[in-house]
Structures are given as C-alpha cells and as structure tokens.
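S.K.: So you can see what is in the structure, the chains are spelled out below.
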Amino acid sequence: MANAAILPGAVPAVSRRRQAGRFLVYAVVLAIGLALAFAPFLFPDVRAQEVAARICVFVVLVASYDLLIGYTGIVSFAHTMFFGLGAYGAAIALKAMGPGFDAIFFGGALGVLAAIVLAVLIGLLSLRVKAIFFAMVTLAAASVMMVLASQLSAITGGEDGMTFSVPRPFSPAQPLVTGEDGKALRLFGVALNGRVAHYYFVFVSSFLLFLVMMRIVASPLGTVLQAIRENEMRAEAIGYRVVAYRTAIFCIAAVIAALAGILRAVWLKYTGPDVVLSFDIMLDILLMVVIGGMGTLYGAVIGVAVMTLAQYYLKDVMAAGAAATADLPLLPDLLNPDRWLFWLGLVFILLVYFFPAGIAGTLMGKGGHK
Amino acid sequence: MMKTLSATFERFGGVMLLPVALALIAFLLIGRPSTWVTLTVAGLAMGMMIFLMASGLSLIFGLMDVLNFGHSAFVSFGAFIAASVLAFLGAWVSGGSAVLNIAALMAAIAAATAFGALAGWAFERVIVKPVYKDHLRQILITMGALIVADEIILTLWGGAPIPVPRPAVLTGSIVVGDVSIEIYRIFAFLLGLCVYVAMHFALNRTRIGLLVRAGVENREMVEALGFRIDRLFIAVFMAGSALAAMGGAMWAGYQSLITTAIGAEMMILVFIVVIIGGLGSIEGSLLGAILVGLMANYVAFLFPKMSLASNMILMMAILLWRPFGLKPAVKG
Amino acid sequence: MREAILRLDDVHTDIAQYHVLHGVSLDVPEGGVHVLLGRNGAGKTTSLRTIMGLWRARKGAIVLRHRDITALPTPDIARLGVAFVPENMGIFGGLTVEENMRLAAEGGRFDDERLQRIFALFPAMEKFWQSQAHALSGGQKQMLAISRAIVEKRDLILIDEPTKGLAPAIIRAMIDAFREIAKETTILLVEQNFHFARALGETVAVIDDGRIVHRGTMAALAADEALQNQFLSLSMEAH
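Protein chains in written order, with the numbering used here: chain A, 1 to 370; chain Z, 1001 to 1332; chain X, 2001 to 2239.
None of these hints come from the bench; they were simulated from the model.
Values in this document were obtained by computation on a predicted structure and should not be read as measured data.
Ideal Cβ placement from N, Cα and C applies to all residues, glycine included.
Watch out, some of these pointers could steer you wrong.
Stated by the list, open to error - The calculated lysine-lysine pairs, modelled on DSS-like cross-linking and capped at a C-alpha distance of 30 Å, are:
id : chain 1 : residue 1 : chain 2 : residue 2
1  : A       : Lys95     : Z       : Lys1305
2  : X       : Lys2153   : X       : Lys2183
3  : X       : Lys2164   : X       : Lys2183
4  : Z       : Lys1129   : X       : Lys2059
5  : A       : Lys315    : A       : Lys95
6  : A       : Lys269    : A       : Lys315
7  : X       : Lys2127   : X       : Lys2153
8  : X       : Lys2153   : X       : Lys2164
9  : Z       : Lys1129   : A       : Lys269
10 : X       : Lys2183   : X       : Lys2127
11 : X       : Lys2127   : X       : Lys2164
12 : X       : Lys2059   : Z       : Lys1133
Said to hold, decoys possible - Among chain X residues calculated to face chain Z with C-beta under 8 Å, some are:
id : residue
13 : Leu2095
14 : Phe2119
15 : Ala2120
Let the hints inform the model, and build the full structure from the sequences given.
M.R.: What follows is the structure, given as structure tokens:
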C-alpha cells in the first residue's frame, strides 16, 4: 500500500509508529497492572510476592519522584528522606502503640506531617535558587536524616532498624474467609488468609495513589508545572508564581513518598536505614525513573518493573556468567552478582546519552536524542 | 544603625571573621583551653583537607556551570590509591628514616594526584562534554558515573575496610604544656595552606589564572576576546580532579582506616562547603571548609550526635542570610 | 562605494523555538562608523551576536573580507580582528581595569603608545587603572568596554547600544571618542538613539522584525523626515 499515505485522512508513517508505540506502552502497563492485581494467585511463592509488593510501593514512590524530575524539572535527592519519614512514623507508632490500624494511621499521619513541614522549609528556602543548588541542598538534607536515623537509636533502632508486628488481619494465621473445615478457604489453591489481605492492602493503596497522581498531572496544576519546566522565565512573565507552584508540587510529592513509606513499613514489618533511607534507594529511584522514562507516569511503572525484576533475577544470571568466565582476569569479578550496579550504571549512562526519554518516552515518541 | 553595624563588620574583615567568631564561642562553651586548642587544630586540619576536595568542584562549576556529582569518585580513588602505594612501600613507611617516610608519603600523594588529573581528563571528555548546558542530564550522567566508579573501587579493593599505614615520622603528637597536637594534623594543615597559596598565586598572578577568573564571571566574553574556553575548562577540570584525589589521599592518611563509603561521606561536606562558600571562588571554598571543619570538631566534642546535623544547620542559616554563599565570584 | 569589510547575506537565526532573524542582508563598508538602527526586539542584538558566532545562523552566510565566518567558533572570529562590545558591556567586575584590558592585549603585553592614546581618550581609565571594575560608574564601565576593544588594532568593532542609560554629557564625550577610533578601524554600531547615531553614522541600515527594511547614507536619512517617521517612529528616544 505505497499510496496509502497520500489518501485523505491517512496517518503519516511516523505518527503511526508513535501510535503503535503508545499502544505497546499501554499494553505493557496493563499487563504489569494485571499481574500485580492477581499476584497472590499467579505467583504464590513467597519470593515472588515480595517482588510484587516491592513493585507496587516503588511504582508510587517513583511516580511521585517523576512529578518532580519529569513533570517539573526539579532534581531532588531528598525523596528517600520523605519515604523514610512515612516508614519510620508508622514503624515507631506500631512499636509503641502495638499492632493496630490506629497506630498505622496515627504514626503515618505524623510522618506525613513531618514530610510536609520539611518539604515547605526546603522548598521555600532553596527552590528559588538554581536547580543545581537545590540538588545539593536536598542531598545534604537527606544524608543528615540518614545519620539522625542511625544515631537516635533509642527511638529508631539505629543501624539495625526496628521490627514490629502488623495488625492481626494481616497475619498468615488469620483466615479471611473460613471454609467448612474451619481453615481458610482456598481459591485456585491459594489459602485466603491474612497474607493475601496484607498484599491487597499494599496493592489497593498503591493503585489509589497512582490514580491520584494521574489526576494531578491531568489537572490545571500539571499543565502549569509543565509550562514552568519548558520556560521558567515565560511562565513567570505570564504571572505564575513559580516558587509557590514548585513548593506545592514538592510538598505533594513528599506526601505521596511518605505514604509509600508507610506501605513499605507495613509490608516489610521492618524499618531500617537500609530499606528506606539509604542512598542506594535514592539511586534506585533515579535509575527507575530514567529507565522507564521521565515525564510519563506509565514510564514509572515500566521502569520499576524492569529494575525490580533485574534486581531480583539478574543476579542469578550474573552468577552463571561469573562461573562461565572464571578463568579470565577481572571479568568474573565484574560479573560477581554483587557488582550488578556496575552494569546498571553503565546502562544508565548510555540511556541518558542515547535515550533520554527512557523506555516509555522513546516508544511513545517523546523527544529522544536531539 | 544596621548600616553602620554592617559597615563596621565589613571593615573588620567581613565574613572572614566568622571562623574567628565560631572559635571564640566554642572557647566559651568548652572552657578548657587545652581541649579547645586540640579541637581547633583538628578543625583547621580537617578544613584544609576538605578545601582540597571542594575548591576544584567550585571552580569547575564557576567556569562552566557544570556540577560534577561524580567528584567524590576522585576523592575515593585518591584515598585507595594512596593506601595501596603506602602499603606497597611498607618498609619505607615504617622504617626509621624520616626521609624515606616522607618519600613514601609523597609518592602516595603524587600517585593519587596524577591519577586524579588523568582520570579527570578522561571523565571530562567522555562523561561531561556531551552534556554541557543540560543540567538535568549532567546530574544524571555524573551520578551514573559515580555508581560505576564506586563499583570499580569495590571490584579492585573489595568491600572490607583497608588500613592506611601512616609514616612513622608523622605519627604521634607534639606536647606543649598540657596541649597535645597530632603531627599529622599540622602536616595536613600546612599542605592545604601551601596548595591554597599556590592556587591563589596561579589565579591572581598568571595569565591562565586571569582567564579562569574572567571565565568564571563571563564565559561568553572570554570567548569573544579570542580564547578557547573549552581548553581552559579541561585544564581546570583536571586540576580540580587532581586536587580532589590529593584531598582523598590526605584524608585516607588521617583516618588510617578507609572504606568505600569515604567518597559519599566527604561528598556531603564538600557540597556544604561549596554552598556556604559560594560557587566559583577559592576564597569562599577556604572559608567554608574552615567553618565546616571547626564546626564538625567543636560539635563532635560538645554534642557528639549533632556533628553532621550542625553543619547542615550552618548551611541553612547561611543560605537564609546570603542565598549565594558567603563569597561567591562576582558576576558581571 | 568602498569594498565591504563585512557582508551578511540572507542570515536567518533562531533562538530556542523563536525565529528571530528572517533573512538579514547587510554590507558594512570598510572604515568609519556604520549604524544598525531599530526598535527593541527588532533583531539588532541578535544580528551582532550572530556575526560574533555567539548564536548560530541557521541559514545564510556571513563573510568577513572574503572569508566565510558563518560556522567559525567565536574565539576564531575574534582572532580575525573582530572586537565585540555587548549590550551589558561584558566587563569582568572582579578584575581590575588593568586586568580587563590586559586580557585583550596580544600575549598579555600592552603597546605603550596605544595605551597612552586610550588614556587620552578616556582619562578615567588611567585614574582607576588598579580599581576593580565593578566599582566603576556606568559610563566608566562603557569606556572600559570600548578601551578593551581597542587595546589592539582591530579591523571591525561591533558595539551594542553604547549610550544606553548614559548621561548626555558622557554621550557627547563618546561621540568624540568614536570619531577618533573610527579613523583607524570600522565600527558597526547598533543603536536606538537616533541623535547619537546621526552624529556618527556614515551609512545606516534600519532593521525591523528581523529584516533590513532600509539601507542608505545617514545624510539621506537625516534629511528626509518622512523616511525617518516611516521607519523610526517606534525607535525614537527623546534626547
């Protein structure tokens, strides 16, 4: 059909490819969403459920980070700080008040409040200066938070973190629906007990938060933020109060990150510097958002899924590679599963060079290499 | 009234008074002169080592608007290379000959510095050059390079802490009355001071230095006067990276036990120093580094858990007072 | 007509997504002062910056003495004997007057005889020789910017609105100085101030909306009030 393109109403080839890419992105996101929605039944083993729950929480965390870096052009390294505030808030309350939903609510609320206060302070203080200043200030703030968390060990459990119990309905010993034999009813061979409820608590909360973010970027606020990102001076000239808008989105992202932190703590029944505050987590977020594609929330979903699967399963592949190259110099050391970040770092650099729009952005035809 | 106050403040040295004020307040809080002297010397030594790491970053940013988040990789490499050289020259390091002691240390510092310069050149060409003028991608790419560099260090040196042998002549303390001062601290302070003086001379008395100062203020105009600013920038980038590696080597000797976390730990302090001091000026970096070094040591003694947080608070306070830092390079 | 030292042929320049120059064609004859007039946003500054290579022409050619400099890097253009005095003067405030001028001197060494002539034109330069440039007044900064441009003999000096914000007395001094400088070189002057331009200009081109809309001698434009009103009504500043 060589002459199809000149027929009236025909879609030019480029935009058709873009449409196909867009469709592919939607399909992949939908597939990931469905896989997560039915994860307890599709992947009943414990490790796979860990992976699924981690993906849920990180989709929220990474998407909220994308509100900053992708939609507004703010580079912050304090996202784990907010994530940690939520997680520690819930953890400390659960430890102090005992395993109840009131503790999650109360502790979580305090964590979110702390996140808002810090976000406003940092935002007003430094969003008016250069992007690079802001990046440095947030990096410094986050590291101070990390040091505080490990030093105030009486409250936070220090380096070891703290374990705690979650409300009883989330316990594997608690049947959700009792069968005739008095045990938990089984569906597709999976016992409907507290473990399933635990997972769905995380999944549904994450899903709702994701929908909230979809709503935010489609709202007038989202449009203003993109105008600011494209041309700050012009947005200011038109009359938008750039600092106010930036501070607002910084607070929103901080709140969502703190909520994700609560989910993470409740799922893990543990909170410590390594799982919520460490710089490695911040790097993960950064890698996920860039690999998935900045400026599209779908990109966050794809980036998180790809990275998390890689984290859990790439190491097996690398171990096999290291064994196969054991006789060569240096290479087996680099293929050591502990060195997986090395390869990820390389991939990351290449991505930023050649596909700055990430997986989703490239498929959907957003920008690309100039 | 405010005006007279601030005029008086400027006449007596302006922001350069801050470290003195800090030292005086600390003196009142600490109470014991001998402790205060020890802490002050430690603070000055630490400040000088941080200055080595921070000044390059500040100039690199000032000249090209490039913020290298991978700067701390040079600090780490410098530390580990110095540790390896010192371990290799073990006999010289521990022997009784002061000359061989010093030669071993100089070899370690020289190796680290040379590596910093070479790696800086490669880093600028491969990593930074393709993303001039694009801050977001600059931050991301230099961050990615930092990840890779840290992993290379882990691969080459492993994750376990590495001891750094200290040359025999620099171990121990000088005791004056009831004041005891570690010799290595004096050495670190003097070396930092020498580097500062050399940099000050290079910037203020040489043609290249004149170009760098002009370029920090207005890059475009330097080009319009017929100078290739990109070549100048490579030179500054190499020098800055070499200084970072030198600072890392000195810090390794000071710590006597280093882990791969050294880069990340120093990075925070370096950022705080650069922000406090103001971008693009070595005077600012020196002032910021001394403040941070003193603050860290005084607070570590007075309120041990607040050490890093205190520097953070210092940074916030200074940003509120002077949003561009204490002594930024003059623009325009 | 003398041969042109600088020729712009259908130059188009974009800044970000905006198309600013829509085909500027211009001849600058060798020697004397030549003026590019136009109102704010007409493309005057963009024209100068494009000649200097600080912005890139998307289309068209810029020729300096038979040599195509369109794609040349800025430093190379400067080394061909072109000096640039930007609108903001481009003074290095943290440097002394001497250092500012030394940067422009070949190999960092002054030609004493030229220096004395500059001091004669702008005595303030000698007086403030060791002062930091940011301490100078606006007029003195402008004098420094011009002095820096003539530290070495240049073939062509591009000057962007030197009278902006200056007091009338200083503008009169500038006119004398420019007449003196134009004896040995060519000046392309961008102006909004018609009175200043008229006092100096030999030829004039009027730019509007990124195009040259009029070219001719200054004498002809000065004599023809109808023409002035047609092209310049928007650009006149009352002086």
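S.K.: Given the hinted pair lysine 315 of chain A and lysine 95 of chain A, is their Cα-Cα distance within 30 Å?
M.R.: violated (34 Å)
S.K.: Please work out if lysine 269 of chain A and lysine 315 of chain A have their alpha carbons no farther apart than 30 Å.
M.R.: Distance ~25 Å between lysine 269 of chain A and lysine 315 of chain A Cα, so the pair holds.
S.K.: Check the hint pairing lysine 1129 of chain Z with lysine 2059 of chain X against an upper bound of 30 Å on the C-alpha distance.
M.R.: Given pair lysine 1129 of chain Z, lysine 2059 of chain X holds - Cα atoms ~26 Å apart, limit 30 Å.
S.K.: Quickly compare the C-alpha distance for lysine 2153 of chain X and lysine 2183 of chain X to 30 Å and report which way the hint goes.
M.R.: Between lysine 2153 of chain X and lysine 2183 of chain X the Cα gap is close to 11 Å, so the pair holds against 30 Å.
S.K.: If you draw a straight line from the CA of lysine 2127 of chain X to the CA of lysine 2164 of chain X, is it 30 Å or shorter?
M.R.: Within the cut-off at roughly 24 Å; holds.
S.K.: Taking only the CA atoms, is the gap from lysine 2183 of chain X to lysine 2127 of chain X under or equal to 30 Å?
M.R.: Holds. Lysine 2183 of chain X to lysine 2127 of chain X sits at ~25 Å (cutoff 30 Å).
S.K.: Decide if the proposed pair is consistent with the structure: lysine 2164 of chain X and lysine 2183 of chain X, CA atoms, cutoff 30 Å inclusive.
M.R.: holds (24 Å)
S.K.: Holds or violated: lysine 2059 of chain X with lysine 1133 of chain Z, Cα cutoff 30 Å?
M.R.: Given that 30 Å is the threshold and the Cα spacing comes to 23 Å, the pair holds.
S.K.: The hint names leucine 2095 of chain X as touching chain Z; please verify it with the least Cβ-Cβ distance against 8 Å.
M.R.: With Cβ-Cβ at 6 Å, under 8 Å, it holds.
S.K.: Can the hint on alanine 2120 of chain X be confirmed by a CB-to-CB distance to chain Z that is less than 8 Å?
M.R.: violated (23 Å)
S.K.: Below or equal to 30 Å on CA atoms is what counts here, so check lysine 1129 of chain Z against lysine 269 of chain A.
M.R.: Given pair lysine 1129 of chain Z, lysine 269 of chain A is violated - Cα atoms ~46 Å apart, limit 30 Å.
S.K.: Verify the interface restraint on phenylalanine 2119 of chain X: the C-beta must sit less than 8 Å from at least one C-beta of chain Z.
M.R.: Hint violated; phenylalanine 2119 of chain X Cβ to chain Z Cβ min 21 Å, cut 8 Å.
The structure fails hints 5, 9, 14 and 15 (numbered hints given earlier, in ascending order).
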